[in-house]
Amino acid sequence: MRVPPGVTPNDFSDAIKQWEEAVGKDWVFTSDEDVDLYRDSYSPFWHEDLEPIPSAAVAPDTVEQVQAVVKIANEHKIPLWTISTGKNLGYGGSAPLLGGSVVLDLKRMDRVLEVNDKNHYALVEPGVSYFDLYRYIQDRGLKVWIDVPDPGWGSLIGNALDRGGGYTPLRDHFDAHCGMEVVLANGEIIRTGMGALPGSKTWQQYRYGFGPYVDGIFSQSNFGVVTKMGFWLLPEPEAFKSGNVLVQRHDDLVPLIETLNYLMNSNIVQGTTTIGSPLLMSRAAAQTAGGSGGSALVMSPGGPTIEQLEQVGRDQNLAYWNCELNFYGPPKVVEAEWEFAKEKYSVIPDVKFVDGPTYALPYDPKDVDKLPKRQFGIPSLTIFGLMGRSEGHMWFSPIIPMTGEAVFEAQKVFGQAYHDMGVPAISQLFVFPSSFFPRSFVILCGFPIYHDVEKNRRSREVFKGLVKAAAEHGWGEYRTHTAFMDTVSDVYSYNDHALRHFHETIKDAVDPNGILSPGRCGVWPKHVRKARA
Amino acid sequence: MKKAAMLLAMAVAALFGARAAAAQEKVTPSWTVATVSGQGQPKGYVEYQKYCVVCHGEGVGRPGTLALQAKYKGALPALLDRRTDLTPALIKMYVRNGITVMPTFRKTEISDAELDAIAAYLTRNNKP
Chain G
1 MRVPPGVTPN DFSDAIKQWE EAVGKDWVFT SDEDVDLYRD SYSPFWHEDL EPIPSAAVAP
61 DTVEQVQAVV KIANEHKIPL WTISTGKNLG YGGSAPLLGG SVVLDLKRMD RVLEVNDKNH
121 YALVEPGVSY FDLYRYIQDR GLKVWIDVPD PGWGSLIGNA LDRGGGYTPL RDHFDAHCGM
181 EVVLANGEII RTGMGALPGS KTWQQYRYGF GPYVDGIFSQ SNFGVVTKMG FWLLPEPEAF
241 KSGNVLVQRH DDLVPLIETL NYLMNSNIVQ GTTTIGSPLL MSRAAAQTAG GSGGSALVMS
301 PGGPTIEQLE QVGRDQNLAY WNCELNFYGP PKVVEAEWEF AKEKYSVIPD VKFVDGPTYA
361 LPYDPKDVDK LPKRQFGIPS LTIFGLMGRS EGHMWFSPII PMTGEAVFEA QKVFGQAYHD
421 MGVPAISQLF VFPSSFFPRS FVILCGFPIY HDVEKNRRSR EVFKGLVKAA AEHGWGEYRT
481 HTAFMDTVSD VYSYNDHALR HFHETIKDAV DPNGILSPGR CGVWPKHVRK ARA
Chain R
1001 MKKAAMLLAM AVAALFGARA AAAQEKVTPS WTVATVSGQG QPKGYVEYQK YCVVCHGEGV
1061 GRPGTLALQA KYKGALPALL DRRTDLTPAL IKMYVRNGIT VMPTFRKTEI SDAELDAIAA
1121 YLTRNNKP
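Chains as they are written, first to last, in the working numbering: chain G, 1 to 533; chain R, 1001 to 1128.
By construction, these hints were calculated from the structure, which means they are not laboratory data. Careful: at least some of the hints might be erroneous.
[Stated by the list, open to error] Simulated crosslink set (EDC-like; lysine to aspartate or glutamate; CA at most 16 Å straight-line): (1) G:Lys25 <-> R:Asp1112; (2) R:Lys1026 <-> G:Asp369; (3) R:Lys1107 <-> G:Asp110; (4) R:Lys1107 <-> G:Asp34; (5) R:Lys1050 <-> G:Asp110; (6) R:Lys1026 <-> G:Asp367; (7) R:Lys1107 <-> G:Asp36.
Note that the structure is predicted; figures quoted are calculated from it, not measured.
Could you build all of it, start to finish, from the sequences and the hints given here?
Structure follows, in structure tokens:
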């Protein structure tokens, strides 16, 4: 049997016995065969001793059981690593950051507690996946839409707490939450916002309650175990429309994005918009760049010049940039919004517009496979068919300003970084900037994982190199794999890491034994910090 | 009168017939439904619909089906529920170990009993 760090085998056996009494023998996993199911399926440490493997897993079914499990861990000073559905693949999956931690698996807590289609919200437990909530709503014919990230098997709570994003107007998942229930390290329960008022009628309707607003400190953190969370939902719209804007020259990206900002920040364009490039994604551009498809996405030193690429665009009649705009609302309104967008964009010389389809809603559930699922809040696993053949992936995901100039700079900086590290940029999946969150862009760069020690070691080095290159230009990751949480935390260093010190002050106060998810997002308990110093 | 009633009955039958035909063409995909009925279905059908078809079913954007299409190129069916050569041990090995981008599934996600049912369903047409 594996044993958590700093815990004696006797103490561990004692805790396991107590957990078995609290949640039932079937839901405490200690055999290697069962515990191995908690390893990160996409671990960048395959076949390396560095892979953090848990010592056991405990799966409570109720909040009272969570309280009991946490209290027992606190008494025995055993590190717990909390997961919801455990499908945070690309960011650590169901595995802990600190090897030997006991995984606190909340998957069994999968109750949809309420969906209200008059005030448009839901209250769910951590084990509820996007598929679960979607099915619940479909079965009852409720007039609300959820917002989904690409993989539908994730937890609404887990994804929101890791500050994930989706595609509809309510795509910023943490921002769309309203009210939490949290079990603290001592086993005490708190409810945030209006939930602090016994018998409150507005827990999922007014976020702030009274006094300091604390919900943010439970995201990307290790200060408590969230056992319930409310989410605002989108009233089922009457129509959806999309339209494409295509501009011909490299520099047209600047006005393209400037107008996009105006349209998005005015709530005319509401869903995630991704900047694309018919030219850079073309075979002709790849040939010019001397590589395979997408080679021209970053500007590699010695690669094709902008003038050469523009010439390819003219020869092949390919737009340099495009973006698809999505509109949600009444039929007349979405048509008018698209017309307005075209009017605003018509000042860019040679701009072209391609009308996308208009969907009258509600849709027939039988047609679900023909719809643009992500834009309609329909969960799927389609993304996994687009990743190429590997043993998984992890994401480098910096936030950059929502300007054309920043996109150009990012193309150059990451092109140079790859070049300096001697890695062909195309070995990674470089995705165009997207507005997963309001008012900024995130760039996603997928690193394939292999069951090959050398390849993964190199990938980790390149990943760290990109984090550094990004930080030198004022860009930071919005979220990261457990393997890089310290690396990313290190670059958020303003005023000698003052923010991290503040996080540590909170950590020491609310979890003095440091039992909850040690190391999550760079926040380590006092005893670990001391040992490292 | 009788003739009118008969005509009406024929019209109703035609209408329902047309509806039945339309219903045959278009079906609500099982993965969108929380409670899939197992009535008249073999053991494990419900579990297979609940956990597997979203990746391994028919239709657009099913990565499991796409991957098996690419792997077998028609030599074996890409849809797992059409296969007759799978063994329970093999099915369990893939679910508990994963393969390429298919991750492992823990016992809190798919219990041993549910996995037994899925294995029974996917081997139901195997020749003894």
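Hint by hint, which ones does the structure fall short of? Nothing - there is no hint that the structure violates, so all of them hold.
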